[in-house]
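There are 2 protein chains.
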Amino acid sequence: MVQRRKRLLDTEAILDAALACVDDTGRLTMADLATRLGVSASSIYHHFSGRTAIVEALRERMATTIDLPPLDESDWGAQVSRWMLAYRRALAEHPSLIPLLNEQTMTAGSVLQAYESIAILLRRTGVPVREIVLWIGVLDCYALGAALDLAAPDEVWSLERDDLPALGEAITAAPRGRERADEAFALGLEALLTGLRHRLAA
Amino acid sequence: MVQRRKRLLDTEAILDAALACVDDTGRLTMADLATRLGVSASSIYHHFSGRTAIVEALRERMATTIDLPPLDESDWGAQVSRWMLAYRRALAEHPSLIPLLNEQTMTAGSVLQAYESIAILLRRTGVPVREIVLWIGVLDCYALGAALDLAAPDEVWSLERDDLPALGEAITAAPRGRERADEAFALGLEALLTGLRHRLAA
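Line by line, the protein sequences are chains R and E.
For the first sequence, position 136 (counting from the first letter as 1) is numbered 136 according to my numbering, and the numbering increases by one without interruption.
For the second sequence, position 116 (counting from the first letter as 1) is numbered 116 according to my numbering, and the numbering increases by one without interruption.
Only chain R is shown next, with the shape it has when bound in the complex:
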C-alpha cells in the first residue's frame, strides 16, 4: 500500500492534480492539492518546494508543447506568428492557469529559451535593444488576452435593446464562436506586426 502510494505520487501525478485543481476551482492551494491527491501536504513538499515551484513546473510543461522559432532565414514575422499561434493554443487549454502564470517571476528553462528566440528575432529585424522587452510584453499581453477570449461564450453580447444599432448590425454580420475568435486573433496579430514594421521603417 505504501509502495503504491509512493509510486503514484511522482511529480507528473502532482502536476496533473494541480492542473485539475486550477481547472475546477480557478485556484491552487497546497491544501486542496493534498486533498485531491489523498496525501498530506508534507509529502508534496518532498517533490516541490511549494506552490510557486508547482506553478513554474506547469509553465515548463506547457512550454515544451510549443515549438521554438527556428531562427532560420524565413520571414521573422511568420516565425513570430507561428509561435504566437501555438502559445495562445497552449494557454487556452487551461485558461484558469493564466492569472497564476502571470503573477510570478518566470524561471522555467524552456520558457526562457522561447523568449531568448523571440529576442533574437526582434533584434535581427532591427528593434532597438531597449524596446525588445516591451515588444515581448506586447506579444505576451495579446496571447494571454486571446487565450482568455477562446474561453468566451459563443454569444459574447446579449442584445435585447434596439438602441444599439451599430453593435447589433456588426454582430449580425460577424462570424461567431471559434471562427470569430480565430479570425480576430489573426487580424490583430497581423496588425501588431504591421505596426512594428511601420515603426522600424520610420
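Quick caveat, the hints were computed from the structure, so don't treat them as lab data.
Where hints are given, some of them may not hold.
[What the hints assert, rightly or not] Chain R regions said to be covered by chain E (calculated; three or more residues, Cβ under 8 Å):
id	stretch
1	19 to 29
2	51 to 60
3	99 to 111
4	170 to 176
5	191 to 202
[Claimed, not checked] Sample of chain E residues facing chain R (criterion: CB under 10 Å; computed from the structure):
id	residue
6	M30
7	I66
8	S96
9	Q113
10	G137
11	A152
12	S158
13	R176
14	A184
15	E190
16	L193
Bear in mind the structure is a predicted one, so any value in this text is a computation, not a measurement.
Note that beta-carbon positions come from the ideal geometry of N, C-alpha and C, so glycine has one too.
Given the coordinates of chain R, assemble chain E onto it according to the supplied hints.
What follows is chain E alone, placed relative to chain R:
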C-alpha cells in the same frame, strides 16, 4: 438587529463582498459570499438571481467608471486609445475578476453602450461591417492581457543562466515594473491602430 442586517445587505454591500471574495480567492461561489456577508445564501437571492447576475452587476459597476468615447470630430484613434487606457486601468484593479467577466455573455447596459460607441467609431473610419466585431475582439483581448500584465511581478524573468544573451541584454536595457507595462501597452496599442489604418488604406 434584524433591521441593521437588512440595511447592510443592500446590493452594493453584496457587490463589495463579491469583489472581495474574487480578490482574495480568485473565485466567486454563493457559499463563500454568504459566509463573508454573515447571511444565508437565500437572502442574497433576494437581491440577485445568482452568481451570473452578480458578476454582470460587477461588470456594470466597472463600466460606469469608464468614460464613453465622445464620438465627436476628434481623431478616432485617439478616442479609441483613451477608452482602452481607462478600460485597462479598470480591469487591472481586480485582475482575478477578468476570467469571470470573460466567461459569460455580456448583458450589462453601460458595457453594451461602450461597445456601441466603439462600433460607431470603427464604422465611421471605414472598417467593413463584418470586421467590426473582430476588431472589437482584438481591442478586448489586448486590454484584458494588458490588465493582467499590470499584475505581473516587477521582475518578469529570472535569469541565472548565461546562455540567454539576447534576453539578458534586452532585460538590462529595458524599463522595469509599472513603467515597462505602461510603455509596452502604449507601443502595442499604437501598433494595432497603425496596422488597422494600414489595412483600411490598402
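Per the coverage rule (Cβ-Cβ under 8 Å, at least three residues), is the stretch 170 to 176 of chain R covered by chain E? Coverage by chain E holds here, the residue count being 5 at a Cβ distance below 8 Å.
Tell me if E:G137 is really an interface residue toward chain R, meaning its C-beta lies closer than 10 Å to one of theirs. holds, 4 Å
Per-stretch coverage check for the stretch 99 to 111 of chain R, three Cβ contacts closer than 8 Å to chain E: Held - the stretch 99 to 111 of chain R has 8 residues with a Cβ nearer than 8 Å to chain E, which meets the minimum of three.
Close enough to count: is the Cβ of E:Q113 nearer than 10 Å to one in chain R? holds, 7 Å
E:M30 as an interface hint toward chain R, with CB separation required under 10 Å: Given a least distance of 14 Å, the restraint on E:M30 is violated.
Satisfaction of the E:S96 interface hint, Cβ to chain R closer than 10 Å: Because about 6 Å separates E:S96 from the closest Cβ in chain R, which is inside the 10 Å limit, the hint holds.
How does the coverage statement for the stretch 51 to 60 of chain R fare against chain E, requiring three or more residues with Cβ below 8 Å from a Cβ of that chain? The restraint on the stretch 51 to 60 of chain R is violated, since only 0 of its residues have a Cβ under 8 Å from chain E and three are required.
Under 10 Å, Cβ to Cβ, is where E:S158 needs to be relative to chain R, so tell me if that hint holds or is violated. Since the shortest Cβ distance to chain R is 5 Å, the answer is holds.
Return the status of the interface hint for E:E190: holds when the least beta-carbon distance to chain R is below 10 Å, violated otherwise. Hint on E:E190: holds, closest Cβ of chain R at ~7 Å, below 10 Å.
May I ask you to test the interface hint for E:A184 with respect to chain R, counting a Cβ-Cβ separation under 10 Å as satisfied? At about 4 Å, which falls below the 10 Å cut-off, the nearest Cβ of chain R leaves the hint on E:A184 intact, so it holds.
Claimed coverage, the stretch 19 to 29 of chain R by chain E - three or more beta carbons nearer than 8 Å: It holds: at least three residues are needed, and the stretch 19 to 29 of chain R offers 3 whose Cβ sits within less than 8 Å of chain E.
How about E:A152: closest beta carbon in chain R under 10 Å, or not? holds, 6 Å
When held up to the earlier numbered hints, the structure conflicts with 2, 6, 7 and fits the remainder.
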